[in-house]
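Here full-length UniProt numbering is used: the first residue of the sequence shown is 1, the next is one more, and so on.
What the hints contain is simulated information worked out from the structure, not anything from laboratory work. For clarity, every value in this text was computed on a predicted model and none was experimentally measured. Just so it is clear, CB atoms sit at the ideal spot from N, CA and C, and this is done for glycine as well. Do not rely on the hints blindly, as some may be mistaken.
Stated by the list, open to error - The following label-pair restraints were derived from C-beta to C-beta distances:
no., residue 1, residue 2, range
1, P180, D91, 20 to 30 Å
2, D213, Q56, 40 to 50 Å
3, A88, L108, 18 to 28 Å
4, G38, D3, 13 to 23 Å
5, D91, D213, 26 to 36 Å
6, R31, G253, 30 to 40 Å
7, Q97, Q294, 43 to 53 Å
8, D27, D105, 29 to 39 Å
9, D213, R22, 35 to 45 Å
10, G337, P180, 18 to 28 Å
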Amino acid sequence: MNDVGELKEFATVHARAQQIPRAVVADVLGRIVHDDSGSGSWVGEWSRVAQSRQRQGDLLAASRLYTMARFPYPGDPARQVAWERAVAAFDAWRSAQGVDLRPVDVKLSAGEFRCWATGPAPRAGQPFVILMGGIVSTKEQWAPTLVRLNRLGVAGVVTEMPGVGDNTLPYDATSWRMVPALLDAVTDQATTPRVHAMAMSFSGHLALRCALDDPRIASVLTVGAPLRYLFTDERWQGALPRVTVDTLAHLTGSRNTEVGGHIRSWALTPEQLGALDIPVAYVASRRDEIIPPQDIALLRRHVRRLDLLEFDDVHASPRHVGVTGPWLTLELLRMHGAPRRQRAALRAALIPLRAGTRLSAARNGRHQ
Numbered sequence: 001m002n003d004v005g006e007l008k009e010f011a012t013v014h015a016r017a018q019q020i021p022r023a024v025v026a027d028v029l030g031r032i033v034h035d036d037s038g039s040g041s042w043v044g045e046w047s048r049v050a051q052s053r054q055r056q057g058d059l060l061a062a063s064r065l066y067t068m069a070r071f072p073y074p075g076d077p078a079r080q081v082a083w084e085r086a087v088a089a090f091d092a093w094r095s096a097q098g099v100d101l102r103p104v105d106v107k108l109s110a111g112e113f114r115c116w117a118t119g120p121a122p123r124a125g126q127p128f129v130i131l132m133g134g135i136v137s138t139k140e141q142w143a144p145t146l147v148r149l150n151r152l153g154v155a156g157v158v159t160e161m162p163g164v165g166d167n168t169l170p171y172d173a174t175s176w177r178m179v180p181a182l183l184d185a186v187t188d189q190a191t192t193p194r195v196h197a198m199a200m201s202f203s204g205h206l207a208l209r210c211a212l213d214d215p216r217i218a219s220v221l222t223v224g225a226p227l228r229y230l231f232t233d234e235r236w237q238g239a240l241p242r243v244t245v246d247t248l249a250h251l252t253g254s255r256n257t258e259v260g261g262h263i264r265s266w267a268l269t270p271e272q273l274g275a276l277d278i279p280v281a282y283v284a285s286r287r288d289e290i291i292p293p294q295d296i297a298l299l300r301r302h303v304r305r306l307d308l309l310e311f312d313d314v315h316a317s318p319r320h321v322g323v324t325g326p327w328l329t330l331e332l333l334r335m336h337g338a339p340r341r342q343r344a345a346l347r348a349a350l351i352p353l354r355a356g357t358r359l360s361a362a363r364n365g366r367h368q
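Generate the whole structure from the sequences, applying the supplied hints.
This is the structure in structure tokens:
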């Protein structure tokens, strides 16, 4: 059973990223008092609102609310049902609205995973994005973001980390290899597309590791990705939120007490970070409970082509979701060389959003 206080704290950023109205979030969280079943439970209260939206015909909202009910992962029957309902509501919305999202299934010897694809197949010189959430978020949660990127002329796919959602691959030191496998499945071998990996949190670690070996990765854009010290610092690991440790244990198939040892070899080295010859856009939170500050210092010292945006916030900067989304999109367009007029509208939108926020920005390690 999960700690309800932690669930409320760490689920907020996922609610905001899915554009669930704050009043709805506050109302639901105010009724949750336990993590068992029935009235007042995490799954029960989120599902009750989801069912109401579904009856009203708002299928996308219902999917988002069911996604909140499954948080952080389907570790019990009620959350499993919530996840299945989230996927079903999403698919019904996709079909009813005629949304340009097509399923792509990738099968490997160790497991398989599904993606949602939009736009034309990747072509040489054309922007293509791989969008992936972290250890608790599903592809259906991020798919509307992919649709918005397609409206800006960026085709791509959205998928999940190993062990999350439909992805049956094991989460281990070789998990980064799913990214080249995905690219092999969706690209023509005769072309070399410019692939931008917009990979959140732990999937950002996978994308950075992949970029060391796969030249098709043209950039990595991420929020709160672990690099080294989360994997190696036993003292830091001992203070991690329980929900994070529980989720990592679930995904890796290890005991909670064994997680630290299980992930230690996944750490990126300073030499590997220094070898990255691609742009990296990173959103950091100064009061992050999951990503140690040493990781950000390492990023500054060794990543040569770094754009760093820092907020005075907790993990994933939930109070600044309205800034991070447009900023990452602007960075993506800039990295690809999109016309200035296309970027100007996003840049103008960021000005009022940044007002009153405590942040710093750095490019290539130099403050702006």
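Evaluation of the provided hints:
Between P180 and D91 the C-beta distance comes to about 28 Å, which sits within the given range of 20 to 30 Å. In this structure, D213 and Q56 meet the distance hint of 40 to 50 Å, their C-beta atoms being roughly 48 Å apart. One distance hint, 18 to 28 Å for the beta-carbon pair A88 and L108, holds here, with the actual separation near 26 Å. Roughly 19 Å separates the CB atoms of G38 and D3, a value that falls within the hinted 13 to 23 Å.
Against the hinted window of 26 to 36 Å, the Cβ-Cβ separation of D91 and D213 comes to about 34 Å, which satisfies the hint. Between R31 and G253 the C-beta distance comes to about 34 Å, which sits within the given range of 30 to 40 Å. Look at Q97 against Q294: about 45 Å separates their beta carbons, and that is inside 43 to 53 Å. For D27 and D105, the Cβ-Cβ distance of about 38 Å falls inside the hinted range of 29 to 39 Å, so the restraint holds.
In this structure the supplied range 35 to 45 Å holds for D213 paired with R22, their Cβ-Cβ distance being about 42 Å. For G337 and P180, the Cβ-Cβ distance of about 24 Å falls inside the hinted range of 18 to 28 Å, so the restraint holds.
When held up to the earlier numbered hints, the structure conflicts with none and fits them all.
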